[in-house]
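Chain R: place on chain F using the hints.
Quick mapping for you: the protein sequence lines, in order, are chains F and R.
Residues 0 to 343 in numbering that gives the first Met the number 0 are what the first sequence lists, from first letter to last.
Residues 0 to 343 in numbering that gives the first Met the number 0 are what the second sequence lists, from first letter to last.
If you're looking for bench data, these hints aren't it; they were derived computationally from the structure.
Keep in mind that the hints are not guaranteed to be accurate.
[What the hints assert, rightly or not] Within a straight-line C-alpha distance of at most 16 Å, the following computed EDC-like cross-link-like pairs (lysine to aspartate or glutamate) qualify:
| id | chain 1 | residue 1 | chain 2 | residue 2 |
| --- | --- | --- | --- | --- |
| 1 | R | 308 | R | 326 |
| 2 | R | 47 | F | 213 |
| 3 | R | 117 | F | 28 |
2 protein chains.
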Amino acid sequence: MSRMTLAAAAAALMASTCAHAAEPIALRDMGSFHVGGRLVEITGKPVKEVTFTPGGVPAKVDPNGTYQVEQMYVQYFLPQNEKGAYPLLLWHGGGLTGVTYETTPDGREGWLTYFLRKGWSVYNSDAVERGRAGWAQYPDIFKGEPVFLTTANPFERFRIGDGPGSYDPDPAKRRLMPGSQFPNEGYENFVKQNVPRWTTTDDAAIAAYIAEIDRVGPCIILFQSQAGSFGFKVAQARPDKVKALIAIEPAGVGDPAKVESLKNIPTLMVYGDYIERDSRWPKIRATGVAFADAIRAAGGSVDIVDLPKAGIKGNSHMIMMDKNNAEVAGLIQTWLEGKGLTKK
Amino acid sequence: MSRMTLAAAAAALMASTCAHAAEPIALRDMGSFHVGGRLVEITGKPVKEVTFTPGGVPAKVDPNGTYQVEQMYVQYFLPQNEKGAYPLLLWHGGGLTGVTYETTPDGREGWLTYFLRKGWSVYNSDAVERGRAGWAQYPDIFKGEPVFLTTANPFERFRIGDGPGSYDPDPAKRRLMPGSQFPNEGYENFVKQNVPRWTTTDDAAIAAYIAEIDRVGPCIILFQSQAGSFGFKVAQARPDKVKALIAIEPAGVGDPAKVESLKNIPTLMVYGDYIERDSRWPKIRATGVAFADAIRAAGGSVDIVDLPKAGIKGNSHMIMMDKNNAEVAGLIQTWLEGKGLTKK
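Extracted from the complex, chain F is given alone in its bound form:
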């Protein structure tokens, strides 16, 4: 490429980038709501005096009474020019919240605004026990204890680094997966998104996700990691309302005895890179593929995309945050269009 051509190409690229950045997002509405949950009675505890603000006026707080627990938070953005045939629900993975789909840890656009710009009504939630959904006393209401992750843990377990011991506080000293697409310099921002999680609240999460669908109506669900089992199980509970499933590296699947219920729901499964190098991911992926095979055997349609085989290399478990997140979102958008899920 000659110097002139290169300069022209660079100018064109800049113009296109600026045009995109300048493109406003026009919303016909935005807002939030909570769904689901239940009331629990607690009795037999002593009354406390709580000074909520240092130096403030103490208030009596009687811990006995009724508590609202296990609700879920949903934030929605409805585009002015709607092009999706159904709303798109984004369900995050374990130890995370809806922040997963917002700005990436290195400050780029996340999938929430990507799909919003494409004309989808987007519903982004914080599952039961996470973020703006709140959480309940344990062991009184939640049965287990919360799990906290060290700074290093997701780096080594989410196929950003090359396994145990690969993390170092200094970004330059980290043993990244070769060709990793994760924005390494933003890793600390990603860690700030991590929140405590329980491993004993799955039933409550599923109940709340069902309540979300019952409120929103017919929809498409995009879900990741822990939400793998939520996405498939909720679709099995509401097969008529779920119009498509997009499973990003699902860590769990639905009920194998009820695959029949998924046969009319077009499904896309997406897996990133380095599966073979990891100690757990080959088995996790195999579970997903076996579930897909069972759906197909029941007459359903599942497309599995292993990104490296499709020429998209270097993706971690956090595909929606990776440097090529827009490329993968484009692949999903194309799949949705191909399934006739955009407005005519």
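Same frame as chain F, now just chain R:
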């Protein structure tokens, strides 16, 4: 008013309502980030095996290591047609999150979109320990225990109901304050917004709010209840960056020894109704008024609006959720315009 005039007025009102509902929100950008926080080392704990997903592949979780704690979550919406001279930061009260300012519990527009439609860049946060900010182990990192509120507690303490015993699960049987503006039928949705809180994390919250201002730059802060002390103290720490303060029923104030630092920051304090009927609010309000007097004595400017005296009656502590929330927002907007804080 004749029947014809009434019909014409109703038609005009409907047209104006529909026009408002149809008016799109045009954003030049939206997204989120985390600010602040620190790293804490935990040692000497046994390694656990955690099965994150029921039936999934167990992972070893070593609780020893470095934890990211005390960061804060900020979500921002930047209007295409910016009319505010500075970004508007919204800081919620105790046991709540940024949801405070979104859709009201009965499904109307909250202050976030109200001010966004008026052309303000709005930054809505979840303070340290709340919502999408996450929280840390106690007593290892956070020193105290979290406080949980019963369903009845905010109703009786936030001047929605008329004091202790006024709550009933049946909305029709509740003893509301006379003429209450709180959307009683939506009270259960409000309770779903409540999250556990600590009373030992104020210093961390202040540090994170300062980090927010250092990132966003010169700004206006609107804060409520618990954030009263945060708003004033942070302004005292960054007096050159804070261009106005709007204190909605502040439950705490700043450092009385440093009121001098607030003298160049125009300040508005807003109090709702029923203050005299409550056991704690007369003292809380008196503390706010005394602080305002001290700022004035130091040469500063504070406007105190007691809503009932301004003819706006029936407001609870949750003014941004009350049925007349848009009327009070209008009062704040007018004050901001009067202080010359909108673009020329």
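For each hint, the structure was consulted:
Taking the CA atoms of residue 308 of chain R and residue 326 of chain R, the gap is near 15 Å; set against the 16 Å cutoff, the hint holds. Using a Cα cut-off of 16 Å, the hinted pair residue 47 of chain R and residue 213 of chain F is violated, with the two alpha carbons roughly 38 Å apart. This hinted pair checks out: residue 117 of chain R and residue 28 of chain F have alpha carbons roughly 15 Å apart, not beyond 16 Å.
The structure fails hint 2 only (numbered hints given earlier).
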